[in-house]
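Below are the chains, spelled out letter by letter.
2 protein chains.
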Amino acid sequence: MKEPSAVADPPAVVDVAMPLPELNRDMEAALLQSEEGADVTFEVGGESFAAHRCVLAARSSVFRAELFGAMKESTAGGGKARVDGVEARAYRALLHFIFTDAVPELDGKDQETSSMAQHLLVAADRYNLERLKLICEDKLCKRIDVSSAVTLALAEQHRCPSLKKACMDFLYSPGNLKAVEATDGFEHLATSCPVILRELIAKLVAL
Amino acid sequence: MKEPSAVADPPAVVDVAMPLPELNRDMEAALLQSEEGADVTFEVGGESFAAHRCVLAARSSVFRAELFGAMKESTAGGGKARVDGVEARAYRALLHFIFTDAVPELDGKDQETSSMAQHLLVAADRYNLERLKLICEDKLCKRIDVSSAVTLALAEQHRCPSLKKACMDFLYSPGNLKAVEATDGFEHLATSCPVILRELIAKLVAL
Numbered sequence: 001m002k003e004p005s006a007v008a009d010p011p012a013v014v015d016v017a018m019p020l021p022e023l024n025r026d027m028e029a030a031l032l033q034s035e036e037g038a039d040v041t042f043e044v045g046g047e048s049f050a051a052h053r054c055v056l057a058a059r060s061s062v063f064r065a066e067l068f069g070a071m072k073e074s075t076a077g078g079g080k081a082r083v084d085g086v087e088a089r090a091y092r093a094l095l096h097f098i099f100t101d102a103v104p105e106l107d108g109k110d111q112e113t114s115s116m117a118q119h120l121l122v123a124a125d126r127y128n129l130e131r132l133k134l135i136c137e138d139k140l141c142k143r144i145d146v147s148s149a150v151t152l153a154l155a156e157q158h159r160c161p162s163l164k165k166a167c168m169d170f171l172y173s174p175g176n177l178k179a180v181e182a183t184d185g186f187e188h189l190a191t192s193c194p195v196i197l198r199e200l201i202a203k204l205v206a207l
Numbered sequence: 001m002k003e004p005s006a007v008a009d010p011p012a013v014v015d016v017a018m019p020l021p022e023l024n025r026d027m028e029a030a031l032l033q034s035e036e037g038a039d040v041t042f043e044v045g046g047e048s049f050a051a052h053r054c055v056l057a058a059r060s061s062v063f064r065a066e067l068f069g070a071m072k073e074s075t076a077g078g079g080k081a082r083v084d085g086v087e088a089r090a091y092r093a094l095l096h097f098i099f100t101d102a103v104p105e106l107d108g109k110d111q112e113t114s115s116m117a118q119h120l121l122v123a124a125d126r127y128n129l130e131r132l133k134l135i136c137e138d139k140l141c142k143r144i145d146v147s148s149a150v151t152l153a154l155a156e157q158h159r160c161p162s163l164k165k166a167c168m169d170f171l172y173s174p175g176n177l178k179a180v181e182a183t184d185g186f187e188h189l190a191t192s193c194p195v196i197l198r199e200l201i202a203k204l205v206a207l
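Keeping their order, the protein sequence lines are chains A and B.
Its first residue numbered 1, the first sequence is counted upward by one per residue in UniProt numbering.
Its first residue numbered 1, the second sequence is counted upward by one per residue in UniProt numbering.
Heads up, some of the hints might be wrong.
In silico BS3-like cross-links for lysine-lysine, where the CA-CA straight-line distance does not exceed 27 Å [said to hold, decoys possible]:
{"hint": "1", "chain 1": "B", "residue 1": "LYS72", "chain 2": "A", "residue 2": "LYS72"}
{"hint": "2", "chain 1": "A", "residue 1": "LYS203", "chain 2": "A", "residue 2": "LYS142"}
{"hint": "3", "chain 1": "A", "residue 1": "LYS165", "chain 2": "A", "residue 2": "LYS178"}
{"hint": "4", "chain 1": "A", "residue 1": "LYS80", "chain 2": "B", "residue 2": "LYS72"}
{"hint": "5", "chain 1": "B", "residue 1": "LYS142", "chain 2": "B", "residue 2": "LYS109"}
{"hint": "6", "chain 1": "A", "residue 1": "LYS72", "chain 2": "B", "residue 2": "LYS80"}
Quick caveat, the hints were computed from the structure, so don't treat them as lab data.
Work the whole structure out from these sequences, hints included.
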């Protein structure tokens, strides 16, 4: 046995193995998926989605105004809230984002993913989820091609300046414009956002 | 104006400035702090804490069993749940962790922070919050000193093997043991965990 010393020896370092943060996992598995304690149900495109109004309200000012305001009475006691104008798959992705901050539905690079990004952008704008809207905008900015006249109409209607710029940059090339002009999407763009055609022409004659 | 080409030109890259994830911020500010939609109130050490039972249940199996089981009726309709054996400041930190996964209360390096880590470890064990318990254990492992007899008793009572090892390693040095043996905490340890003294002696005679 060593002779006792008056000064405390420095302790050895003991490492504690630390699990990763679990908030997002718990919010998804134990709240959204389990539906335990859910107190509001939405009917979207023939599907039902149960959720927790306090979480929806904490994440979206639009949900807050609806669920603790106009729709408070009609959705209390199990009343369903019908949502029109949003696809069920986009609504599912929207709820997943609200509970977890993640959008795995946008991980792909195919046309299906672009379509999801378009629908989700519209839903994000409707529920004032600015970060989700920017995630969709960023995704679509990286997928500009000849089918992007529809994307341009979306960018204009939902105030997405970066996405509008990406589409316009693409169309300023006459080769691209010629290809896009032949698509159905361009007809839609011309009808829904005629002001965009004016902008395009002004830019093209200045080239 | 350039001659149109049949092949679409590659689009220019447009970057979208992306905000950081906001789930933790929203869970703290718009849910826990705002208390909007809160449906349960705890009375702890003379203070009241409002919270959302669905979030508590999603994060802690003990809260789930209590709030959707034994205490469901008594806490419905505004009934308060009294919590004994936990300090108010530790309960506040516990709720903050549940809603955000973060423990800013443990950022310091002073004695006050160690005391908080001890109280929070007890509360984390009580509510089966394993990750919070490990965070407290890790914090305490880095603060082993002559006052750590109390910490050793905690480690033994709440099954924290890393913390117990860190304390024991410290005490195996006779200089340290002599200093710790003179503290009130050692009296407490000897009374509450006599088996630890047996372990210590066995180890010391083998040195």
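Verification of the hints:
Under the criterion of a C-alpha separation no larger than 27 Å, the hint pairing LYS72 of chain B with LYS72 of chain A is consistent with the structure, at around 23 Å. For the proposed pair LYS203 of chain A and LYS142 of chain A, the alpha carbon gap of about 23 Å is at most 27 Å, so the pair holds. Restraint check for LYS165 of chain A and LYS178 of chain A: satisfied, since their Cα atoms lie roughly 18 Å apart, inside the 27 Å limit. Taking the CA atoms of LYS80 of chain A and LYS72 of chain B, the gap is near 24 Å; set against the 27 Å cutoff, the hint holds.
Only pairs whose Cα atoms come within 27 Å are accepted, and LYS142 of chain B paired with LYS109 of chain B is accepted, the gap being roughly 9 Å. Restraint check: the Cα-Cα separation between LYS72 of chain A and LYS80 of chain B comes to about 24 Å, which is no more than 27 Å; the hinted pair holds.
Checked against the numbered hints listed earlier, the structure breaks none of them; every hint is satisfied.
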